[in-house]
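If you read the sequences in order, they're chains A and B. Just so you know, the numbering used here puts 58 at position 58 of the first sequence, and the rest follows in order with no gaps. Just so you know, the numbering used here puts 300 at position 300 of the second sequence, and the rest follows in order with no gaps.
Honestly, the hints are just simulated from the structure, not real lab data. Glycine included, C-beta positions come from ideal geometry on N, C-alpha and C. One thing to keep in mind: the hints can contain errors.
Claimed, not checked - In silico BS3-like links for lysine-lysine, alpha-carbon gap of 30 Å or less:
id, chain 1, residue 1, chain 2, residue 2
1, A, K229, A, K105
2, A, K192, B, K313
3, A, K229, B, K259
4, B, K33, B, K43
5, B, K369, B, K313
6, A, K192, B, K259
7, A, K234, B, K273
8, A, K234, B, K33
9, B, K273, A, K229
10, A, K192, B, K112
11, B, K176, B, K115
12, B, K369, B, K306
13, B, K306, B, K112
14, A, K192, B, K214
15, A, K196, B, K304
16, A, K192, B, K176
17, B, K280, A, K192
18, B, K313, A, K229
Stated by the list, open to error - Covered stretches of chain B, going by a simulated chain A footprint (3 or more residues, C-beta under 8 Å):
id, segment
19, 1-11
20, 234-247
21, 302-311
What the hints assert, rightly or not - Ranges of calculated distance between the beta carbons of each label pair, as one might list FRET restraints:
id, chain 1, residue 1, chain 2, residue 2, range
22, A, D207, B, E47, 21 to 31 Å
23, B, Q275, A, D227, 22 to 32 Å
24, A, Q14, B, E47, 51 to 61 Å
25, A, Y122, B, E34, 19 to 29 Å
26, A, L13, B, K369, 53 to 63 Å
27, B, R331, A, G51, 16 to 26 Å
28, A, S235, B, R267, 18 to 28 Å
29, A, E63, B, M286, 27 to 37 Å
30, A, E63, B, E223, 50 to 60 Å
31, A, Y122, B, M343, 37 to 47 Å
32, B, M286, A, L13, 25 to 35 Å
33, B, R267, A, T241, 53 to 63 Å
34, A, L13, B, E263, 16 to 26 Å
35, B, A276, A, G89, 51 to 61 Å
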Amino acid sequence: MNIIVAMKQVPDLQQVRIRNREPVIEGVPYTLGIIDKNALEAGIQLKEATGSNLIVVSAGNEEVEETIKEALAAGADEAYLVLDDKLDGMESSLTASLLAATIKKIEEVGLVIFGEGSGDNYSGQVGSRVAEILDLPQVGYVSKIELDGTTAKITRSLEDCEELLEVQLPMVVTVLGDINEPRIPSVSQILKAGRKPKEILELDDLDIEIPKDKKISTLSNLAPETDRKRVAVKSVSDLITALQAEGFVGR
Amino acid sequence: MQFTLTKEQALIQKMARDYAEQNIAPIAEQIEKENRVPDEILKGLAELDLFGMAMPEAYGGADAGYDSYVLAMEQIARVSCGPAMAISAHSLGLSAISNFGTEEQKQKYMPKSCKGEYITSFAFTEPGTGSDPKQITSTAVREGDHYIINGTKRFITNANYPGPLVVFVKDSVSGKPTAFIIDKFCEGYSISEPWEKLGWHGGVLCDVYMQNVKIPLENLLGELGNGYPVLQYGIAFGKIGMNSVALGTTLAAFEESVKYAKEKTHRGEPIAKFQAIQLKIADLAMKYEVSRWMAYRLGSLANKPKSPADFAKEAALSKVVIAENAMAAARIAMDIHGSYGLMADYKVARIYRDAIMGPQVEGVIDMQKLIVAGAILA
Ligand SMILES: Cc1cc2nc3c(=O)[nH]c(=O)nc-3n(C[C@H](O)[C@H](O)[C@H](O)COP(=O)(O)OP(=O)(O)OC[C@H]3O[C@@H](n4cnc5c(N)ncnc54)[C@H](O)[C@@H]3O)c2cc1C
Chain A
1 MNIIVAMKQV PDLQQVRIRN REPVIEGVPY TLGIIDKNAL EAGIQLKEAT
51 GSNLIVVSAG NEEVEETIKE ALAAGADEAY LVLDDKLDGM ESSLTASLLA
101 ATIKKIEEVG LVIFGEGSGD NYSGQVGSRV AEILDLPQVG YVSKIELDGT
151 TAKITRSLED CEELLEVQLP MVVTVLGDIN EPRIPSVSQI LKAGRKPKEI
201 LELDDLDIEI PKDKKISTLS NLAPETDRKR VAVKSVSDLI TALQAEGFVG
251 R
Chain B
1 MQFTLTKEQA LIQKMARDYA EQNIAPIAEQ IEKENRVPDE ILKGLAELDL
51 FGMAMPEAYG GADAGYDSYV LAMEQIARVS CGPAMAISAH SLGLSAISNF
101 GTEEQKQKYM PKSCKGEYIT SFAFTEPGTG SDPKQITSTA VREGDHYIIN
151 GTKRFITNAN YPGPLVVFVK DSVSGKPTAF IIDKFCEGYS ISEPWEKLGW
201 HGGVLCDVYM QNVKIPLENL LGELGNGYPV LQYGIAFGKI GMNSVALGTT
251 LAAFEESVKY AKEKTHRGEP IAKFQAIQLK IADLAMKYEV SRWMAYRLGS
301 LANKPKSPAD FAKEAALSKV VIAENAMAAA RIAMDIHGSY GLMADYKVAR
351 IYRDAIMGPQ VEGVIDMQKL IVAGAILA
């Protein structure tokens, strides 16, 4: 069985600086989405438990071929990549069509894992859209996955309860950021990543046209203002009251 | 000429940074107070392959090159110098075995050392000398099919861990320095309590006592009476690690200063708005840039050294600059922090104590300058 993990290339958020409320992306290296790394870790754990093959899929500009080494180092066995510089800044429905078409090329797919949202835009749409295109059942807010032959036992963490589901494979899950702690790859794993198999697909291979005009235009992209509140306190109890009022302690 | 990291190198750098942030930073003060790196940290670093990073795959290493080794070690030292110092001294001893060992010696010691099951030591310094091989007093006397080693070695990093000890003694026939390998904790091997040092806490330093240590003839490393190349080359390779430790300290001084300058306010403004602070931040950035490219370059030269003498010169030259830059950076960081920097609650106090270690260890600064001048004027 193949387990698929979809991962998005994003600018390394730790290195993005905010100038005049705008993120400065220039010169910032790419990495993979933060929750996508949890999705990958979930995939690795299932692969280790069941002996499945783990394939990472991604669509994006040509740089993805380098960026994806991070996933191959962490434990993915191979990668299916749709590469085209025209794919920069694409919106969720196009991403979903590309990923769905890519996944269709892979045989014996048992489970497709997404992060709940991408590291940059967090639209949270791609997983559900792919499930719809592929006509597969989908479960969101997943905090635990167990594979048992042809079914999966899934725990969803909802606001005030947990839901336990048993779902027939193949299926799509979108996982939460706290489902696990992604592992840190060793030096040898990093060095071997480049030698793992990669299937590079072009837009022609997938029969998908990129629409001329983008369906979504970004009007502005602003960081929230984080001005200091400058609240003066006279005692520790004043401080605690002030922090409680802000909701930082003792909620 | 290329001044960019490959994707793999960037990932190795990130790997070390992530590991250090997640696992070492939360206990950095504990390491400082207890002067001990917890076993699970050493194990964790070994699992990331940091104990055999630059060693050939055939002997259990990761074969990542010394330049990648610098990138990783810098990130560990940025958070805590203790574990970085342990790996640095270990890699120094291991490089001597890798460069001069026989096939049997490599098979016996390298795979376990690369996995961190052995932690290697390199013992040259004695109570009487730390810079002059001629003044060594420890001895090796041949008796039939073995040697008997006697003597005291001072300030030996990792002497407390099991594994090989590359040791320099005078052999009784030639009367000249010769290198041997001893298994630590064999009969006749004992150590002092760890020294209490000013900085680099967690990197353990003991005196080693060798009393009639009996080793087989095949434990000779390199040639009898010709230990000097092993020493020269070994110490030059050791400087790759020393440079990384000082570089990580410089980076920490730089980062802590930028953070503090933005957080600390005067008359409602962060002190970063003051030009006097800005000049200091620029100085820190310059020191860090100079150090980092010199350290990375020495690492990349070590992947294919032209000749031992040439490499020893490059190592000496970079060590002086990088160790002195770390001290200068720590001092600037201290000035930016003012009195707060002197307090144990602030990381700069530790950075300052760590920075001051570099110039004295593995060859004092003056000796390095003599090596450089000697190579130029030869
Ligand atoms: C944290 C730490 C870890 C260490 N780890 C190890 C280890 O693992 N293995 C090991 O063998 N040693 C180790 N050492 C010892 C260290 O390498 C030596 O202390 C160092 O080389 C200096 O030797 P010394 O202290 O005997 O100084 P000396 O050689 O006595 O030098 C003292 C001063 O005399 C001057 N001087 C000496 N000789 C000359 C000369 N020929 N020409 C001009 N000036 C000269 C120098 O300027 C120097 O400042 C360690 C030390 C420390 C602090």
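Hint check results:
no.	hint	in the structure
1	A:K229 / A:K105	violated, 54 Å
2	A:K192 / B:K313	violated, 34 Å
3	A:K229 / B:K259	holds, 19 Å
4	B:K33 / B:K43	holds, 20 Å
5	B:K369 / B:K313	holds, 9 Å
6	A:K192 / B:K259	violated, 37 Å
7	A:K234 / B:K273	holds, 28 Å
8	A:K234 / B:K33	violated, 34 Å
9	B:K273 / A:K229	holds, 19 Å
10	A:K192 / B:K112	holds, 21 Å
11	B:K176 / B:K115	violated, 34 Å
12	B:K369 / B:K306	holds, 20 Å
13	B:K306 / B:K112	holds, 29 Å
14	A:K192 / B:K214	violated, 43 Å
15	A:K196 / B:K304	holds, 27 Å
16	A:K192 / B:K176	violated, 45 Å
17	B:K280 / A:K192	violated, 42 Å
18	B:K313 / A:K229	violated, 56 Å
19	1-11	holds (count 4)
20	234-247	violated (count 0)
21	302-311	violated (count 0)
22	A:D207 / B:E47: 21 to 31 Å	violated, 45 Å
23	B:Q275 / A:D227: 22 to 32 Å	holds, 24 Å
24	A:Q14 / B:E47: 51 to 61 Å	violated, 24 Å
25	A:Y122 / B:E34: 19 to 29 Å	violated, 42 Å
26	A:L13 / B:K369: 53 to 63 Å	violated, 45 Å
27	B:R331 / A:G51: 16 to 26 Å	violated, 57 Å
28	A:S235 / B:R267: 18 to 28 Å	holds, 24 Å
29	A:E63 / B:M286: 27 to 37 Å	holds, 31 Å
30	A:E63 / B:E223: 50 to 60 Å	holds, 52 Å
31	A:Y122 / B:M343: 37 to 47 Å	holds, 40 Å
32	B:M286 / A:L13: 25 to 35 Å	holds, 28 Å
33	B:R267 / A:T241: 53 to 63 Å	violated, 27 Å
34	A:L13 / B:E263: 16 to 26 Å	holds, 21 Å
35	B:A276 / A:G89: 51 to 61 Å	violated, 43 Å
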